[in-house]
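In our numbering, the protein residues as written are 31 to 434.
Hints are computed from structural coordinates only; laboratory data are not their basis.
Any given hint could turn out to be false.
Claimed, not checked - Now the in silico label distances, taken between C-beta atoms and shown as ranges:
#1 I399 to L245: 28 to 36 Å
#2 A299 to W241: 29 to 37 Å
#3 W241 to N194: 39 to 47 Å
#4 L79 to N306: 43 to 51 Å
#5 L200 to F418: 51 to 59 Å
#6 N306 to R49: 16 to 24 Å
#7 F418 to L191: 35 to 43 Å
#8 L47 to L191: 27 to 35 Å
Note that the Cβ used here is the ideal one computed from N, Cα and C, for glycine as well.
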Amino acid sequence: MSGAGPIAAPLHGADELRRFLVGFIGLTLLSGMTIGMNKVLATMFGLHLGVSNFQLALISSAESCAMALGTLPAGRILARGNPKYLYAGVSLSLSALFCILPWLPGWQWVALLMFLVGLCIALRVVAMSTVFLVRLPELGQGKAGWYKGTLTFGMQFAGPLTGNYLIAHLGLTAGFFVSALMFAILAVLGWQVLPSHAGHRAGAARDASGWRELLRLPAVRNTYLFEVLASFTASSVGVFSILLAIQVLHWPHEHAVWLMAVQGLSFVAVLFGLGNAVLGSRHRERYYGGAHLAIMAALLLLGLLPSTASYLCASSLLGLGLGINTLVNTNRIAHAPVDKARVSAHLTLFGMAAGTLGALAAGRLGDLIGLRQVFLLWLLPWLAAWLFYHFRAAPAAAVQGESI
Numbered sequence: 031m032s033g034a035g036p037i038a039a040p041l042h043g044a045d046e047l048r049r050f051l052v053g054f055i056g057l058t059l060l061s062g063m064t065i066g067m068n069k070v071l072a073t074m075f076g077l078h079l080g081v082s083n084f085q086l087a088l089i090s091s092a093e094s095c096a097m098a099l100g101t102l103p104a105g106r107i108l109a110r111g112n113p114k115y116l117y118a119g120v121s122l123s124l125s126a127l128f129c130i131l132p133w134l135p136g137w138q139w140v141a142l143l144m145f146l147v148g149l150c151i152a153l154r155v156v157a158m159s160t161v162f163l164v165r166l167p168e169l170g171q172g173k174a175g176w177y178k179g180t181l182t183f184g185m186q187f188a189g190p191l192t193g194n195y196l197i198a199h200l201g202l203t204a205g206f207f208v209s210a211l212m213f214a215i216l217a218v219l220g221w222q223v224l225p226s227h228a229g230h231r232a233g234a235a236r237d238a239s240g241w242r243e244l245l246r247l248p249a250v251r252n253t254y255l256f257e258v259l260a261s262f263t264a265s266s267v268g269v270f271s272i273l274l275a276i277q278v279l280h281w282p283h284e285h286a287v288w289l290m291a292v293q294g295l296s297f298v299a300v301l302f303g304l305g306n307a308v309l310g311s312r313h314r315e316r317y318y319g320g321a322h323l324a325i326m327a328a329l330l331l332l333g334l335l336p337s338t339a340s341y342l343c344a345s346s347l348l349g350l351g352l353g354i355n356t357l358v359n360t361n362r363i364a365h366a367p368v369d370k371a372r373v374s375a376h377l378t379l380f381g382m383a384a385g386t387l388g389a390l391a392a393g394r395l396g397d398l399i400g401l402r403q404v405f406l407l408w409l410l411p412w413l414a415a416w417l418f419y420h421f422r423a424a425p426a427a428a429v430q431g432e433s434i
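Given these sequences and hints, build the entire structure.
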């Protein structure tokens, strides 16, 4: 009997981690589905109201704009607050908002409500990414991509498909009520899964949280740099590679969407399948550099070789490179001595801002110089970052990677 004690504690810890991971992945998938589904519902509701293209753009961008504005306040709130209470309260608020939305009389009210939705979602996303970063050292580096992979799958695949199905079979109003029910379920699930604190431990050294403190850390500086470049590139390529395939290769619209699908599936496959292989290897820094080269190769293919095989290869390379980039960056931040809530807010804000800027810049420059030239132009910041980090600073980065 005396030998059972030391064995029972680790088993209990393993069971707790397993329960947390299963619940958290379910929470993330459902959360991503609601975001993707509600994009479809809000767009279709705007069309139902007979709005102009500009008014529809305002409705569509209101949520994204609010999410960007809400990330930094969300980080500060979560650094001091209770993720369990905050997530449940915000999810119930979203449930109420989506019960109201189908009865709004004009597009202005819809845009305002979607702005409020974006503020709430910002807090939910930062809460979940913060909790995941805090628990990742216990879960193991092989799980580093599971949160982003699950969220991406829900947002880009399961959510839009669910939204389309609900509208086709139940109608628009019923779709909003189903969405409200899903937010209520998320409130209950979040209450069960999320902890009551943001990961700060009594007696632990104070983690870096201020701008100057954070930017003194090479892991943080490099992560911010490559996450911004990744979001900037992914948003512009994801949208305009489809347009390029239609214009240059004369693909039908339904076939051109496969470029985005291939990129997304490649990205998710890397996040779920290569965590241990990449992060557990002593060649992790080489894989990291190779991932950035793969992104540059994808841009080259899109800019120089207009063919079916090259475009599909470019989409696969882009998903592969972005996936490994995410794995390494997530693992670094999870093990860095930083305020996880503050850094999660920064990364969310930078990702959305860079994604919006990348899409707008690609659209504007595409009208002036052509889309193929835009993809070649996007090589310049990647090449500069690669030479500075991987070529010039490779020895220092390798030492740092071993120590984290």
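To see whether the hints hold, each was checked on the structure:
1. Between I399 and L245 the C-beta distance comes to about 34 Å, which sits within the given range of 28 to 36 Å.
2. Roughly 35 Å separates the CB atoms of A299 and W241, a value that falls within the hinted 29 to 37 Å.
3. Distance hint check: the CB atoms of W241 and N194 are about 42 Å apart, consistent with the given range 39 to 47 Å.
4. At roughly 49 Å, the beta carbons of L79 and N306 sit within the given window of 43 to 51 Å.
5. At about 53 Å, the CB distance of L200 to F418 agrees with the hint of 51 to 59 Å.
6. For N306 and R49, the hinted distance range of 16 to 24 Å is satisfied, since their beta carbons lie about 21 Å from each other.
7. Taking 35 to 43 Å as the suggested C-beta distance range, the pair F418 and L191 conforms, at roughly 41 Å.
8. Separated by about 31 Å at the C-beta atoms, L47 and L191 satisfy the suggested range of 27 to 35 Å.
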